[in-house]
Structure formats: C-alpha cells, structure tokens
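Chemist: Listed below are the residues making up each chain.
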Amino acid sequence: MELTDVWFVAIAVLFLGYFVLEGFDFGVGILLPVLGRSDAERRVMINTIGPVWDGNEVWLITAGGAMFAAFPEWYASLFSGFYLPLLLILVALIVRGVAFEYRGTRDSAAWRARWDAAIFFGSLIPAVLWGVALANIVRGVPLGPGHHFTGTVLDLLNPYALLGGAVTLTLFLAHGAVFLALKTVGEIRERARTVAARAGTAALVVTAGFLIWTQVRHGHAVTWVLAAIAVAALVAALSANRVGREGWAFTFSAVTIGLTVVALFTALYPDVLPSTVDPAHSLTTVNAAATPKTLGIMTWVAVIFLPLVLAYQAWTYWVFRRRIGVQHIPG
Amino acid sequence: MDALDLARWQFGITTVYHFLFVPLSIGLSLLVAILQTAWARTGNTVYLRATKFWGKLFLINFAMGVVTGIVQEFQFGMNWSAYSRYVGDIFGAPLAMEALVAFFLESTFLGLWIFGWDRLPKAVHLACIWTVAVGSAVSAFFILAANAWMQNPRGFRFNPAADRAELSSFTEVLTNKVLLATVPHTLFACWMTAGVLVFAVAAWHLARRSHLDVMLPSLRLGLVTTLIAAFGILISGDLLGKVMTETQPMKMAAAEALYESAQPAPFSLFTIGTLSGTEPVITLDVPRVLSFVATGSLDGRVEGINDLQREYVQKYGPGDYRPYIPIAYWGFRLMMGFGFLAMIVAVVLLWLTRKGRLPDRPWLWRIAVLSVVLPFLANSFGWIFTEMARQPWVVFGLLRTADGVSPAVGIGAVITSLVVFTVVYGVLAVVEAGLMIKYAKAGPPAEADVVPAEPGEEGGTLSFAY
Numbered sequence: 002m003e004l005t006d007v008w009f010v011a012i013a014v015l016f017l018g019y020f021v022l023e024g025f026d027f028g029v030g031i032l033l034p035v036l037g038r039s040d041a042e043r044r045v046m047i048n049t050i051g052p053v054w055d056g057n058e059v060w061l062i063t064a065g066g067a068m069f070a071a072f073p074e075w076y077a078s079l080f081s082g083f084y085l086p087l088l089l090i091l092v093a094l095i096v097r098g099v100a101f102e103y104r105g106t107r108d109s110a111a112w113r114a115r116w117d118a119a120i121f122f123g124s125l126i127p128a129v130l131w132g133v134a135l136a137n138i139v140r141g142v143p144l145g146p147g148h149h150f151t152g153t154v155l156d157l158l159n160p161y162a163l164l165g166g167a168v169t170l171t172l173f174l175a176h177g178a179v180f181l182a183l184k185t186v187g188e189i190r191e192r193a194r195t196v197a198a199r200a201g202t203a204a205l206v207v208t209a210g211f212l213i214w215t216q217v218r219h220g221h222a223v224t225w226v227l228a229a230i231a232v233a234a235l236v237a238a239l240s241a242n243r244v245g246r247e248g249w250a251f252t253f254s255a256v257t258i259g260l261t262v263v264a265l266f267t268a269l270y271p272d273v274l275p276s277t278v279d280p281a282h283s284l285t286t287v288n289a290a291a292t293p294k295t296l297g298i299m300t301w302v303a304v305i306f307l308p309l310v311l312a313y314q315a316w317t318y319w320v321f322r323r324r325i326g327v328q329h330i331p332g
Numbered sequence: 021m022d023a024l025d026l027a028r029w030q031f032g033i034t035t036v037y038h039f040l041f042v043p044l045s046i047g048l049s050l051l052v053a054i055l056q057t058a059w060a061r062t063g064n065t066v067y068l069r070a071t072k073f074w075g076k077l078f079l080i081n082f083a084m085g086v087v088t089g090i091v092q093e094f095q096f097g098m099n100w101s102a103y104s105r106y107v108g109d110i111f112g113a114p115l116a117m118e119a120l121v122a123f124f125l126e127s128t129f130l131g132l133w134i135f136g137w138d139r140l141p142k143a144v145h146l147a148c149i150w151t152v153a154v155g156s157a158v159s160a161f162f163i164l165a166a167n168a169w170m171q172n173p174r175g176f177r178f179n180p181a182a183d184r185a186e187l188s189s190f191t192e193v194l195t196n197k198v199l200l201a202t203v204p205h206t207l208f209a210c211w212m213t214a215g216v217l218v219f220a221v222a223a224w225h226l227a228r229r230s231h232l233d234v235m236l237p238s239l240r241l242g243l244v245t246t247l248i249a250a251f252g253i254l255i256s257g258d259l260l261g262k263v264m265t266e267t268q269p270m271k272m273a274a275a276e277a278l279y280e281s282a283q284p285a286p287f288s289l290f291t292i293g294t295l296s297g298t299e300p301v302i303t304l305d306v307p308r309v310l311s312f313v314a315t316g317s318l319d320g321r322v323e324g325i326n327d328l329q330r331e332y333v334q335k336y337g338p339g340d341y342r343p344y345i346p347i348a349y350w351g352f353r354l355m356m357g358f359g360f361l362a363m364i365v366a367v368v369l370l371w372l373t374r375k376g377r378l379p380d381r382p383w384l385w386r387i388a389v390l391s392v393v394l395p396f397l398a399n400s401f402g403w404i405f406t407e408m409a410r411q412p413w414v415v416f417g418l419l420r421t422a423d424g425v426s427p428a429v430g431i432g433a434v435i436t437s438l439v440v441f442t443v444v445y446g447v448l449a450v451v452e453a454g455l456m457i458k459y460a461k462a463g464p465p466a467e468a469d470v471v472p473a474e475p476g477e478e479g480g481t482l483s484f485a486y
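Protein sequence lines correspond, in order, to chains A and B.
Numbered according to my numbering, the first sequence spans residues 2 to 332.
Numbered according to my numbering, the second sequence spans residues 21 to 486.
It should be emphasised that the hints constitute simulated quantities derived from the structure, not laboratory data.
Please note that a few of the clues may not be correct.
Some chain B residues judged to face chain A by a derived CB distance under 10 Å, without partners named [stated by the list, open to error]:
hint: 1; residue: V87
hint: 2; residue: W100
hint: 3; residue: Y106
hint: 4; residue: V107
hint: 5; residue: A116
hint: 6; residue: A119
hint: 7; residue: F178
hint: 8; residue: A182
hint: 9; residue: F287
hint: 10; residue: S288
hint: 11; residue: L289
hint: 12; residue: T291
hint: 13; residue: R308
The beta carbon of each residue, even a glycine, is placed where N, CA and C say it ideally should be.
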C-alpha cells in the first residue's frame, strides 16, 4: 500500500470519527428546542455532550490539518473552492461553541434563549452543509487548470449535494436522538426515543436514496456492499430503538454514519476532488499528495498518537457513562 | 483595496483577535494547575476557592480561543490557497501534529476537568488540569514551528517541477534557531499575561478589602509569575533579537528605522521618518545599544535598510523589499514598552505589598487594575511587528505575500468573510469582556459551595454543569 493511500484512508478515518462523534453533538443541538421543554431539560441535554463536544470537534481540526499536510493541493483547492459554505460552517461552529460555555453564565431567560438559538442554528447549519460538501467532493466540482475552482457557489447547490445535506441532517438527528435516549433518564428519554424513530425513518429513506444515486453514478462492487450494510445497520438501529436497547441503537446508528462516509470515500478513490470540466484537472491521491518524506513522518506520528487519542477519548466516555436527568441539575 | 489587501486585513484581524485569548489560556491553565496542586497538597480550601475562581475566568476565555482557532486553520486554504500549495509539504505537518498531539489532549482533558470534579479521584482530576497546561504549551510549540519556518525557512528544497517547497529535514524544521528563541519568548509572554491578569483582578478586590483570604495569595502568585516571566522574556527576547539580525536583517533594520548601515549602531528611542520610508527626519538615539542588542558586541556592525534593499535587489531581482517602516518601528517599541510597564508595575506592587501590607493608596490599586491591558497590547504589537516587518515576504526569501493569495477567490467572497468575521468577533468581544468583568468582580465562591462530593456518589447534582 502506497503512503498516499495510507493517508487517503487516514483522512477518511478522521472524517469518519468527526461525523460519528460530532454527529450526535449536532443532533442534540438541533433537538434542543424540540425535546427540551424546560430550562432544566435543555440543561440535561447540553450536559450529555458537555464533557465531550470539544474533544469531538478536534477530529475536524485534525482532519483539516492532516489534509493540509498530506494532500496540500486537495486542501488548497477544496477550502478556496468551498469558500462560502466553509465560512458559514465556521461562524456556526464559533457561536455554537461559545454558546455551550456562556449560556449558563447569566441568570436571565432572554440570555439563555439567545444562546439556545445559537446552539440550534450552530448545529443545524454544519449538519446540512457537511453533507453538501461531502457529496460535492464525490460528485466533483469545476476544477480548471492548476486545479483552481472555476465555478460559483451555485455549482455546489446541485440536487445530489442537497440530498447529501439531507442525509447528514437526518442521520445526525437520529444519531443525536438515540444518544439522548442512551444518556438520559425520565420523560426526556422517552421523547428522545420517539424522535429517534421518526428521524431514523426519514434518514432511512433519504440515505438509501442517496446511496443508490451514488452507486449508479460513482459506485462499484465494494461501495454496493458498504452501502447495503450502512442501510441495514440503520434498520437495526431503528429496531433496537423500538425495543429500548439504546446502546445497540447508538452502535448501529454510528455504524450507518461511519459506513456512509467509508462508502463515499471508496466511491471517490483514487480521486480526491474530481473535475467536472476535464478529468485532466482532477485531483487524485497522487497529484495532490505531499512528498513521501512528509507522509512518512506523519505516518509515524499518527501511528503513535492516534491510538493514544482513541484510548483517552474512550476513557472519557467511560468516566461520563452515567445517565443524567433533571434531578442532577443544580437549582 | 483589492482581494490581496482584504485577505491580509482578514488574516491580521482574525489572528490578533485569536491571540488575545490564546496567551491567557496557556498562562491561566498553568496558574490554575498550580493553585489546585496547592489545594491538593495542603488541603487548605482557600486554594480550592482560588482554583474555582480563576478556573471560571480561564474557561470563559478558553472557549473564545478554541472557536477562533478553527478559523486560523481553515483560512490558509480559503484565502491563501497558493501559499498552501507552495508550503503545504512543510507547513501542514506541524499544524496536523498540533491537532493530533496537543489539541486533542487539551480539549479532552479540559472536558474531564470541568465535569470531573465529583467523578474522578482527586489526584487524577489534578492530573487533568496539568495535562491541559502541558498540552497548550506543546500546542504553542507546533504552531510556532510553522511560523518560524515562515521567518527563517530551513530543512527544505525547492522543487521547480512541482513549483513548491519540499521537506528535506524535519529535524531542521524543529530545531530552527528562530523557533528555539521564539518558543520561550512566547511562552513567557503567555505566563506574564496570566500573571498580570491575576494581580490586576486581585488588586481590584484588595482595593475594596474584599475576599482578602483568596486575593492576597492570588496577588502574590500573579506578581511573582509576572516577574519570573518578565525575566524570561528579556533573556529570550535578547536572544531572539540576535537571531533576527542574523536571519532577517531587514526586520531588525526596520525595527530600528536604521536607514544606513552603522558600526557601532545606536538604539533609537524615538524617530519620525518620511512616510516613503527612505530617511529619518527627527531621531533620538542611545549610542551603541543597537549594536549590542543585535550582535552582542558594543561596536558590531548593523546593516541599514537602504543597503539591504540594494543587496536584495541583486539577490531576488527588482522589487521593493522594505516593510512598512513606521509599523515595524513602533510595533517593536510598543511591544517592549508595554511589557516593561507591566514589569515595573509588578515590581512596585510587590515592594509596596511586602509582608502582607495593603497600602491605602487608591491610585496605586487603580494603576494595578488598569495594567491588565498591558500584556495584551504587548502581545499584539509583538506579532504585528514580527509579521509586518517580514513583508513583502510571506515566507522570507521564498514566497511573496502577494503570490500566496487564493487566485480563484473573488473580492466579493473576501469582503463577505471579512465583514462577517469582524462583526461576529466584535459582538463576541463585548460579550466575553462583559462576562470576564462580571465573574472577576463576583469574587471566589464561598467555602460551602466548593467542597466536592465524594466520587461515585449517585443522584447528586452535577458540579460545574453547563
């Protein structure tokens, strides 16, 4: 396996980690006004992700940094080409992150309501736009000579990409609802399960449609298998949710998100950003890559530190494994 | 203004803004860790209350540092894609390592610290805040490694076929002499920032004789930290000055508005030059001091701007290789001036409060409180100087800033993002400052509110919950 392939896989893994982990953070954030009927309930919801959301977000920062280091051309073309959507995502992540920390700092209903809105929109916008971005990467964008993006933001709003946005939105909603059902007690847990069933059903339809579309346009035998397992896992998640096995439901919804990402990256390979203008301008794992020397050093660092990160993040989830409810919220 | 100018303004605004929060996060994490260690070792709840009080200010500040940091990583690709293509093989690695090695550690263990008060054994919980403090310092190392390469590119070779710089020795990147001088200089500045904030807030309370039990030890911690850090800044700054003269002579010449080479060279206390930046009009000099600062010898030769310009034209081809002199000159002086002022305030205050004295001079306390702005100004001017005086290069001697900007991003997109970031950052600055002041004034929590429940207790309320 070439080092360029190793790093293509590594970047897929980092995005997989990001979507599986921050996916439920986004879901919880979007469900805040839906499921949290009182301030105490909203605080329960925020506290389920409180200890982990920041660590989850670092998966994105690492994915971005790894892309810059391992595939500078990919990073440069993608980030300058997807300028406005990334700007929106950045602003959303800024206000959402600050909102978690600041909403409890003043004893005022209006203050908290403003930060709740920040959490809602700050979760909704990236939940949709990440799907739009990922779908556009697979579909390809107008890349001209020098791999420069020659399109406009309207090129990014094509039907396939918008369906991709609906996929991440519904999947993250279902994933977040299942996570809430797993981490809470009382009424909110029951309501979360109901929402998980509805969001999961919607996600099933949208995701299946999107993966079939991907299969027809960009797929091969392997993506067919991955897509089938992703959809089957979502069915399993829905069944587990129905019978109140929340741990299994969460595991399966994580598998669905993970395998959807893997299926998309597999469909993309060996391109990293295809050109819709001329295949000669497409970015591939070879022509976008850094030197073998840089990739080699990065590989060592990743081999040592990525397992370490996984270990201490897993430990964090273990430390905060307990369910919480309104009775745990100080008055 | 064209897209290049706007992109530069955006980078300047977002970066100076980001670096208002970063030094305080790095510095306060260490001071909070020290206070919590004092509590763990002595069992004295004064230290626990101090930990919670400064910990709250640390968290309010940390949130801003985190969210503005994502922009930093993304905007290289968004606004500076040509730069990213050119340097990615070298510059990307320290950024990726920062995230993987340091930022994961910081963020994950900060979550454990915030929410772990009654979930973790005391020693493990203490280790969490130390991990945050160490992680944030390691973070600084990697980011500075990336920046030091822009000041003094090392360990690379140019590949004409790919039209980019490629890594030849990562060891050379990590042992860049600019990096070795910048890391202590920056870290000491971070600790000084926290030291000044702590003594300034403590002074506010001491002037009102409130919370003496927590604020007296806090004042001392803040003052001593400031002085130790100031000492470290002076030594590392002296070293950095010499390294800078060697690696970027134009930067040193611009810092001094030294137009003609001189041996020995005077240190300029004050100068007004022509805006074209070719000659001084009024100057006030101290003989030989620049020679010493730049070379370590009282009669060392220091190259002047005009000579260097001629030299660079021969080396790099026709062009203007002079940075904008007034900003370089005043940025350098304001960095040092504000830093020295903070140090002087700390020395005076340490003397006047010796052996627990609380002088009854309102003006003294007022000066101490107002000093809080000094390290932030010094930090900002330091970076404005070091980045602006590297111009017209983005990577010294290799790539001009004008050649690094994204060629395919239109002016409308850059204006949009510049306006959006400025507005969002402006609003958040007001919110953040309001909260810092509110919690600083509120003082430490009462003893009954801080003693944590035993680990593992079921059904209790959550500590430090959002």
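Chemist: Are F178/B and chain A close enough, Cβ to Cβ, to be under 10 Å, as the hint says?
Modeler: 12 Å, violated
Chemist: Given a cut of 10 Å on the nearest C-beta pair, is the interface hint for R308/B held or broken against chain A?
Modeler: Violated: closest Cβ of chain A sits about 45 Å from R308/B, beyond 10 Å.
Chemist: Hint validation: S288/B versus chain A, beta carbon distance must be below 10 Å. Holds or violated?
Modeler: Where the cut-off is 10 Å and the nearest Cβ of chain A is about 40 Å from S288/B, the hint is violated.
Chemist: Given a cut of 10 Å on the nearest C-beta pair, is the interface hint for L289/B held or broken against chain A?
Modeler: Since the shortest Cβ distance to chain A is 42 Å, the answer is violated.
Chemist: So, V87/B near chain A? Judge it on the closest CB pair being under 10 Å.
Modeler: 4 Å, holds
Chemist: Holds or violated: is the Cβ of Y106/B closer than 10 Å to a Cβ in chain A?
Modeler: 8 Å, holds
Chemist: Does F287/B pass the interface hint, meaning its C-beta sits closer than 10 Å to a C-beta of chain A?
Modeler: Interface hint status for F287/B: violated (40 Å vs cutoff 10 Å).
Chemist: Next item in the hint list is A119/B. Is there a CB on chain A closer than 10 Å to its CB?
Modeler: 4 Å, holds
Chemist: Quick check on the hint: V107/B CB to chain A CB, less than 10 Å?
Modeler: Given a least distance of 8 Å, the restraint on V107/B holds.
Chemist: How about T291/B: closest beta carbon in chain A under 10 Å, or not?
Modeler: 41 Å, violated
Chemist: Would you settle whether the hint for A182/B is holds or violated, based on the nearest Cβ-Cβ distance to chain A being less than 10 Å?
Modeler: Status holds, d = 9 Å.
Chemist: Holds or violated: W100/B as interface residue toward chain A, Cβ cutoff 10 Å?
Modeler: At 8 Å from the nearest chain A Cβ, W100/B passes the 10 Å test, so the hint holds.
Going down the numbered hints, you'll see the structure goes against 7, 9, 10, 11, 12, 13, while the others check out.
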